[in-house]
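Visitor: In the order they appear, the protein sequences are chains A and B.
With my numbering, the residue at position 343 of the first sequence is 343, and numbering never jumps.
If you want my numbering, it's the 1-based position in the second sequence plus 898.
Any given hint could turn out to be false.
[To be verified] Straight-line C-alpha distance at most 20 Å; calculated SDA-like pairs for lysine to any residue:
no.	chain 1	residue 1	chain 2	residue 2
1	B	K935	A	A46
2	B	K935	A	T38
3	B	K935	A	F27
4	A	K670	A	Q656
5	B	K935	A	R13
6	A	K573	A	E745
7	B	K966	A	F27
8	B	K966	A	R13
9	B	K935	A	R34
10	B	K921	B	G997
11	A	K121	A	P260
These are calculated hints, taken from the structure and not from any lab test.
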Amino acid sequence: MIKFLNRIRDRLRRERLADELDRELRFHQHMLERDYITHGLSPVDAAGAARREMGNRTSIREQSRDMWSFISLENPLNDLRHGARALRRSPAFASIAVLMLALGIGATAAIFNVVNGVLLKPLPYGHPEQLVGAWHDFPPMNMTHIQQTASTYFTYQRLARTIDGIALYYDGAANVAEPGGKSEPQRLSAAWISETLIPVLQVAPIRGRNFTHAEDFPKGPNSVIISEGVWRTRFGSDAGVIGKNLDIDGEIYQIVGVMPNRFRFPAADTQLWLPLALDPSGTVHNGFSYNAVARLKSGVSLADAQRDFAAVLPRAIELFPEFAPGFSTAKLFDQAKPTPVLIPMREDVTNGIARTLWMLGAAAALVLLVACANVTNLILVRVDGRQRELAVREALGAGRGRVMMHFVAESALLSSLAAVLGLAMAWIAVRALVSRGPAEIPRLAELGIDATTIGFTFVVAALVTLGCSIVPALRIGRADLSSSLREGGRSGTAGRARRHVRNVLVAAQMALALVVLAGSGLLVRTFQNLNAVRPGFDAGHVSTYWMSLPAARAKSDSAVTRFYTQLTDRVAKLPGVESVGIASRLPLETHGMNQNPFYPENDDSYATKIPPLQLFTTIDAGYFRTMHIPLIAGRSFDRLDRQRADEAILSQQTAQVFFHDSSGIAALGKRFRRLPTGIWYTVIGVVANARDTSLAAPPSQTVYFPEVPSAEKAAPQLSHTMALVVRSTGDAAAMTQAVRAAVAELDHTLPIFDARTMSSVLSGSMAQLRFMLLVLGAAAAVTLVLGAIGLYGVMAYVVTLRTKEIGVRIALGAQPSAVAAMMTGQGLALTAIGLVGGLGMFALIARFLSSFLYGVAPTDPLALGSASLLLVLIATLASWIPARRASRVDPADALRAE
Amino acid sequence: MPSPDNASKSELLRGTLDMLVLKTLTAGPLHGYGIAKHLEQVSREVFRVEQGSLYPALQRMLQQNWIKAEWRRTPNNQSARYYTITAAGRKQLGVEESGFAQAIEAIRQVMKHA
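Okay, chain B solo, but in the shape it has when bound:
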């Protein structure tokens, strides 16, 4: 794990994406398209999730055992791969949320005093 002080910008974003995906999955199993759609809607289209980032991120999280995947039928009877958050994933989400909160707080402090 890179220590927070030398984490580059892209790593911060990647971590954020992981956090957002995990958060999304706490509401229930969802497929990749669904996750992307959800993030766009909830963020009122501020986040445009690139598929080029999303799918590698999903693969990575699968390997970390943060999420599980299985093939299911969609309501429209199409076959899609649904992701479910695991216990390890919930724990990781907690870690990332608190880290994120700290970072936001830090940024706010800096902005206030600068």
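Isolated chain A, as found in the complex:
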């Protein structure tokens, strides 16, 4: 240790030490000169003799200098320069290595950017670590992630001691126009929020103010807060925007504030915020339909807050005795046993996507590993090819450290170039992802290559440098370089150990490639299975159009029904239209999702527990015709203007659950209620199941109501926001123009939004899977190609090494085909080792994959088998090409060459 410190000290005063040594040597020479003069030489001869005797002063200086410093760290610039020269001399090696590393680094950087931006980066709110999403679990009903209702919200707001505020929000959209109807209305993404939201998130408006208490109160003044985007585009960044008016869903709202661009809440495209205006008396019953975010007091832990919430929640029973008409809060608590669940907001926001992203990150890391293994192999080949050069350099006095340093410098150059190229690739990939990635990825719009990503990329590059140079450096460290000088040629070097390392690397590459291949094979099978799922409806030739009838325009409930009857009548007459219908919710979309209990008549089992929730959807009879959902029992609805309000149609699954008859006949004529009290609905028909929520989920239990005014106040089944579904004889997408025109004839202020074909909804429901498949498939292709290149490289090298032996074999009468088979066999043996290792690795990680799969086990023999087969095929090709070259060796040439 002391010696090491001495070294550091000496390094720091190296200039002075060199100077001292010089003086010392001059003194010595001077003394020698004097000696010679006393021995009778002339001063000139004495000086010469002394100089000769001193020998090479520079060499003494060099040797001492090495002792004063760390040769290995000396002059890295020199090494880099040298490395750059070496790489320029072999552009093929350099470009292949850079390209391979860039692929690996680029993939890793791109995924890191997404993981960091989506999962790791703090949310753009004040003290985001204090923010939590507040939910409930209903353990007896096996339900999790239940939202808030007005009564739970007010209970927490008034009584919870561990929070600095709680806020509710509700995500939606609104029709927005200039007051006076001068401009075309626009459908903008909007959120209804409590006045507490903006203070809880701690983001100040850039203009104006937050809502006042009076504004966030039933029948309060109509106020709206707009986004910076709306302010800039619609109002041209007008400084006097506060106080101006907007027509929102047919009513006039006054602008009171502008939120900055970074405030993307709750959705990235939210443009308007409107007061939720809940009645603090809690007499309006909307069920658990609001999301909540709370801010913990500083120093309060999640567990503390959760205990606090759990302690105050039962107080809701006395504060808000009635949960819904005829349904007391006490009964709800008794039957559903709601338990508060707080989730850190960052997890809450990224819920569902985190696993996907981490998995893609793992895939990117595998690509990088394979690329590194490949480049290491290439460097090893170079080390072997330069044995003599290195031996000569060492013989001339270059320390081993120096020689190793040279290779580290070369790797450093390669990986820095690769990092720059990889960053460019990552930039392109992230851009493509932001513009075309699956919409379910939250915070996607916030992404961009930033300093963190650049830093990360260079850290990865440094690791790659280490990784790629450590094996070759160890080789040099251990190799007996002088023996390679003596033995002269390459035949003597590249011994078994050296080849062994390379074999291990190639087998590892094969193993990693198999893991990625098998993973994407399983996803392909999942994709096939999902595509093979019969959704229960026929998406072909169906186009859908959402519209929202403003309450101000459709003043009465019957006006709404009248509007939709007129609209469907008009659209039905359009040329090319086969049938038309309306629905408050479309399969595989979340919009309009409404789950409610179903109390069948004469069934006592639900007196003490809440019955399983059903999806409630309001439709007209044309919906089933248009979606080709067959009626299996009873009859369908009549025309809306003649339809009774108290009739309903069940899905087969609902009929099965409540009436235990899959034919649907037992359900016909039976009655049910939406609550333990209220009006009775009669089942008039049963339709076949449709995959409503997702293709992978079991058929949903759906109850269909007619879109007509209901006598029941508490459960308004009439929906102002409806989707028009149109089945046409021709191209579904081509209908849009005609349908828009038909809507405009009825009401030109009514914007149509989300016009798309049902087929695109169907494929959109698989967007995240397709995205994963795409990324993983690309990773599989890259690792496979890299693995094949690695194998090819090693086999080609082996052939070169054994040219002489092969020549002898052929000269002794070996069949060229036998030689080729022998060499190919060697490559396949490596592949087999990789295959076994890969399957073993895959077995370890398979269980992490199972949550991504549908209808296929992680050990699916077909997926694993075809992945293995593909790997073997590629490996055969990669080793056969060099093997064939081996079989064509001309014995005479081979023997003469050495």
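Put chain B on the given structure of chain A with help from the hints.
Guide: This is chain B only, laid out in the frame that chain A set:
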């Protein structure tokens, strides 16, 4: 430290040079030229100390803390760098002397019995 059985010839010589220099310095501080001169005279010119070996050896021993160096005036009033043996150097000398004695003894045994 290389184990004695695989120490190469040059290492043996280098170790010997260290030992000889340390031994020389036990008589008192001396400069590089003086050390070389002393070794030549005492060994009756059998050892010709190469400056190329001596100075690197001195630097090495400085780093090992076996010797110290300081600039002083020679009797002829010239500036020269004088080396002094340290306590650590004396200890090292002891180690090397006994090792050397063992080696000589071993060689003698071999020569006797061969």
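Visitor: Each hint needs a verdict: does it hold in this structure or not?
Guide: Here's how the hints hold up against the structure:
1. With a C-alpha separation of about 17 Å, the suggested pair K935 (chain B) and A46 (chain A) falls inside the 20 Å cut-off, and the hint holds.
2. Under the criterion of a C-alpha separation no larger than 20 Å, the hint pairing K935 (chain B) with T38 (chain A) is consistent with the structure, at around 15 Å.
3. Restraint check: the Cα-Cα separation between K935 (chain B) and F27 (chain A) comes to about 14 Å, which is no more than 20 Å; the hinted pair holds.
4. With a C-alpha separation of about 13 Å, the suggested pair K670 (chain A) and Q656 (chain A) falls inside the 20 Å cut-off, and the hint holds.
5. For the given pair, K935 (chain B) sits about 30 Å from R13 (chain A) by alpha-carbon distance, which is inconsistent with the 20 Å threshold.
6. Of the supplied pair hints, the one linking K573 (chain A) and E745 (chain A) holds, its CA atoms being roughly 14 Å apart against a limit of 20 Å.
7. Of the supplied pair hints, the one linking K966 (chain B) and F27 (chain A) holds, its CA atoms being roughly 18 Å apart against a limit of 20 Å.
8. Restraint check: the Cα-Cα separation between K966 (chain B) and R13 (chain A) comes to about 16 Å, which is no more than 20 Å; the hinted pair holds.
9. The suggested pairing of K935 (chain B) with R34 (chain A) holds, with an alpha-carbon distance near 13 Å, which does not exceed 20 Å.
10. For the hint linking K921 (chain B) to G997 (chain B), the alpha-carbon distance of about 14 Å falls within 20 Å, and the restraint holds.
11. Proximity of K121 (chain A) to P260 (chain A) is assessed by CA-CA distance (about 19 Å); at most 20 Å being required, the pair is judged to hold.
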